[in-house]
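Enquirer: Sequence order for the protein chains is A and B.
Taking the working numbering, the leading residue of the first sequence gets 1, the next gets one more, and so forth.
Taking the working numbering, the leading residue of the second sequence gets 1, the next gets one more, and so forth.
A hint or two may mislead.
Claimed, not checked - Estimated spans, in silico, between C-beta atoms of each pair:
#	chain 1	residue 1	chain 2	residue 2	range
1	B	T233	A	F237	49 to 59 Å
2	B	F94	A	M326	39 to 49 Å
3	A	L189	B	W24	23 to 33 Å
4	B	S77	A	L106	21 to 31 Å
5	A	D331	B	A23	49 to 59 Å
6	B	W24	A	S284	32 to 42 Å
7	B	G206	A	S284	34 to 44 Å
8	A	R297	B	P190	45 to 55 Å
9	A	L285	B	A140	43 to 53 Å
If you are wondering where the hints come from, they were derived from the structure by calculation, not from laboratory data.
From the three backbone atoms N, C-alpha and C, an ideal C-beta is built for every residue, glycine too.
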Amino acid sequence: MVPMCGSLEDNLIRRVLQNRLSDVEALFDRAFGPSWNPFLQLGTLAFFFFWIAAVSGIYLFIFFETSAVGAYQSIEHMTHAQWYYSGIIRSLHRYSSDAMVVTAVLHLGREFILDRYRGVRWFSWFTGVPVLWFLYMSGIGGYWLVWDKLAQYVAVASMEWLDWLGIFGEPVAANFLTRGSLDDRFFTLLVFLHIFVPLVLLFLMWVHILRIGRPKVNPKRGLAIGSLSALVILSVFFPALSQGEADLGVVPTDLGLDWFFLFPYPLYDKWGAGALWAITVGVSLLLLAMPWLPRARPPKPAQVYLEKCNGCARCYEDCPYGAVSMRPRTDGLPFEQEAYVNSDLCTRCGICVGACPVSPPFRREEQLVTGIDLPDFPLAQLRTDTAAAIADLNKKTVQSLPRLIAFGCDHGLSTDLLSNDEMVGVRLPCIGMLPPSFIDYAVSAEGIDGVIMSGCRDCNCFHRFGINWTQQRIAAKRDPYLRRRVPRERLLTFWGALGDEKKFQATVEEFRTDLKNMAQNSNKDSE
Amino acid sequence: MMDSGGFPYYVLLPLVVFGPLFAWILYTLGIGELFRTRKDGDVTRLQIEETERLNRRRLYAKGGGTEVETEKTGRRSISALLGQSVAYLAFIIFVGALSVWPSYRPIAPGLALIKLSFSHPGQRKVACQKRSRKELAKLAANMRTALSCPRERWPVRIDLRLDGKPLYKGSASPAGLSSDGASAFYQTFPIPVGRHRLTVRMSDDGDTEKFAYTHDKIIDLSGAQIVVVGFNTNKGLFVK
Numbered sequence: 001m002v003p004m005c006g007s008l009e010d011n012l013i014r015r016v017l018q019n020r021l022s023d024v025e026a027l028f029d030r031a032f033g034p035s036w037n038p039f040l041q042l043g044t045l046a047f048f049f050f051w052i053a054a055v056s057g058i059y060l061f062i063f064f065e066t067s068a069v070g071a072y073q074s075i076e077h078m079t080h081a082q083w084y085y086s087g088i089i090r091s092l093h094r095y096s097s098d099a100m101v102v103t104a105v106l107h108l109g110r111e112f113i114l115d116r117y118r119g120v121r122w123f124s125w126f127t128g129v130p131v132l133w134f135l136y137m138s139g140i141g142g143y144w145l146v147w148d149k150l151a152q153y154v155a156v157a158s159m160e161w162l163d164w165l166g167i168f169g170e171p172v173a174a175n176f177l178t179r180g181s182l183d184d185r186f187f188t189l190l191v192f193l194h195i196f197v198p199l200v201l202l203f204l205m206w207v208h209i210l211r212i213g214r215p216k217v218n219p220k221r222g223l224a225i226g227s228l229s230a231l232v233i234l235s236v237f238f239p240a241l242s243q244g245e246a247d248l249g250v251v252p253t254d255l256g257l258d259w260f261f262l263f264p265y266p267l268y269d270k271w272g273a274g275a276l277w278a279i280t281v282g283v284s285l286l287l288l289a290m291p292w293l294p295r296a297r298p299p300k301p302a303q304v305y306l307e308k309c310n311g312c313a314r315c316y317e318d319c320p321y322g323a324v325s326m327r328p329r330t331d332g333l334p335f336e337q338e339a340y341v342n343s344d345l346c347t348r349c350g351i352c353v354g355a356c357p358v359s360p361p362f363r364r365e366e367q368l369v370t371g372i373d374l375p376d377f378p379l380a381q382l383r384t385d386t387a388a389a390i391a392d393l394n395k396k397t398v399q400s401l402p403r404l405i406a407f408g409c410d411h412g413l414s415t416d417l418l419s420n421d422e423m424v425g426v427r428l429p430c431i432g433m434l435p436p437s438f439i440d441y442a443v444s445a446e447g448i449d450g451v452i453m454s455g456c457r458d459c460n461c462f463h464r465f466g467i468n469w470t471q472q473r474i475a476a477k478r479d480p481y482l483r484r485r486v487p488r489e490r491l492l493t494f495w496g497a498l499g500d501e502k503k504f505q506a507t508v509e510e511f512r513t514d515l516k517n518m519a520q521n522s523n524k525d526s527e
Numbered sequence: 001m002m003d004s005g006g007f008p009y010y011v012l013l014p015l016v017v018f019g020p021l022f023a024w025i026l027y028t029l030g031i032g033e034l035f036r037t038r039k040d041g042d043v044t045r046l047q048i049e050e051t052e053r054l055n056r057r058r059l060y061a062k063g064g065g066t067e068v069e070t071e072k073t074g075r076r077s078i079s080a081l082l083g084q085s086v087a088y089l090a091f092i093i094f095v096g097a098l099s100v101w102p103s104y105r106p107i108a109p110g111l112a113l114i115k116l117s118f119s120h121p122g123q124r125k126v127a128c129q130k131r132s133r134k135e136l137a138k139l140a141a142n143m144r145t146a147l148s149c150p151r152e153r154w155p156v157r158i159d160l161r162l163d164g165k166p167l168y169k170g171s172a173s174p175a176g177l178s179s180d181g182a183s184a185f186y187q188t189f190p191i192p193v194g195r196h197r198l199t200v201r202m203s204d205d206g207d208t209e210k211f212a213y214t215h216d217k218i219i220d221l222s223g224a225q226i227v228v229v230g231f232n233t234n235k236g237l238f239v240k
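Work the whole structure out from these sequences, hints included.
Expert: In structure tokens:
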């Protein structure tokens, strides 16, 4: 196994988890392809399932009777008399909520494993915790409305759990004491809560993605169709059913528990309210504090060098986190705007450096200064590394072999793969940091035969858009373009991670053979 | 509920009315993405571009050879579709199964539940006293009530016995900052099914020895049955 490399935390447990996650994602990549891979779309899937639950819930609300007797009967009528429509909608409502829990929890776990919750990313993580609370409140509240035996159990246990706090004058669980102790208005209150709480949930979901530039909230078409179809199939063949009308004179037995939402209730029965409160509050506080346990100490944020900034806004366009904004010029130079970096949002990915048109390495200035740069890994350093790599290549390459240079990102393949006896590698925080002029520099000025650009897997870029922007710049579809004079056939892009080593080596070998053949054909033509 | 002789076509009405509405809301609230064409550089296109470059390379290399087959769509080979089907099936089984299974029994077989639950204010610690004229004159005009009633109440004390053995013994303090509210109890006790003698005694006057209220009842409990022990001002203590 080749370890994950670069800036990811050097933590054994996390590295093992990352390796296993990478294996699973590679497996799903093979079946779904990167763009439909559900593991790369967990957040968008959670949004999608929310909308299914919201729309199906609106339909159910229309036919739901808000009374102690009518609540159960109206749902039974929908489930059985109109099983082919309302019944399916009810099941969709249930299962989409369950699926939202599954995707939200997996999303949380994945971001933790990838260490994408500290530093400037704290906001999305922190606001994700109340999203979970309200997701659970929404789901558990929904179970009350059915007013079957499960609802009775959940309602009584929830109230007993709340009573433990001692904040109510009299125990609220006493409202569920005997048959007939509930009135119709109680169900009106429940319906109101079951609408209000999901609305708060939606608001929190919006806050959760507020700091993300170009947030994705809809899954890819194929994945959405597949997920919806799966839920419909589940609803048709395994419809959600009530579990007998509630009877406050008898303790419900043999309940079909929805373990996605209701798993805390057996814990409550086993350990009591105090222990469950301790677990709930403890886990919540731990999750909330995690971005600072320990606090990430990332490199310095990107910095704007106004003497080189012409206000072209390409860095603003390309920043995946909305950390760069444009503001009126402050230094008197004859440009309308200048770039400004919000250090609270900057993840130090360097994509803005790759977008800056004032970055060509051809200039013979002693100090290469660009419009926007990373203080801890400046463009000048990248030029120095590139020049050193090429010098190294000149020393060790066998004359008959094509001379290859590889630019790789910190989150993709191992460094060992990029640098070997036949190839030299240069690493960057993200492949999107590489200005296209560096490719031109390597090929046109230094006479390198082939340039390899390696980054994270498709649709799985650690910095979200690094590989997309790189590919578009090479294709001359995004500023700054790679100059036309650079022969595209001498470029190879490879998007892969742990587990893709063999594929990478095979692809490079194929590339090398192609370059060799090209050289031979070119020689024949010239003869 | 509706009767039906033959197929009740009117039940299709919601389908006709709400079907399009449902579809429209679903579309508007996010699923519109399903029907839109892709806009910006997604991976499929990136893959195509990379493959196009590979094709050009091959053409250069072979001096005009055949193009390499392009993977223009995501993964739609039979093996990939099979893989997707397996993944969706696993998802269906996972969500479907864990939404009801394994079943859970909140109370063990052979047990019933006694719930002790009531709210009752204890007696005042100091009985109300009639104010004298002098005392009334000292008070502000709006405060001149005939009786002086200190607000603090005694805690309520409960003793619950099952077949003569103590089941619960405790007291509840009055609610409120001035300890002038009701004392509330809510306790549950799982007990074996069968015939039992239940004795409940309550004191609300601060007496630590005697109980002002007593109730004694023989109860026959069946499995999972709930019996409530409560207090009502009119009835006193009761078991039902």
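Enquirer: Can you give the numbers of the hints that this structure goes against, from lowest to highest?
Expert: Violated hints: none; all satisfied.
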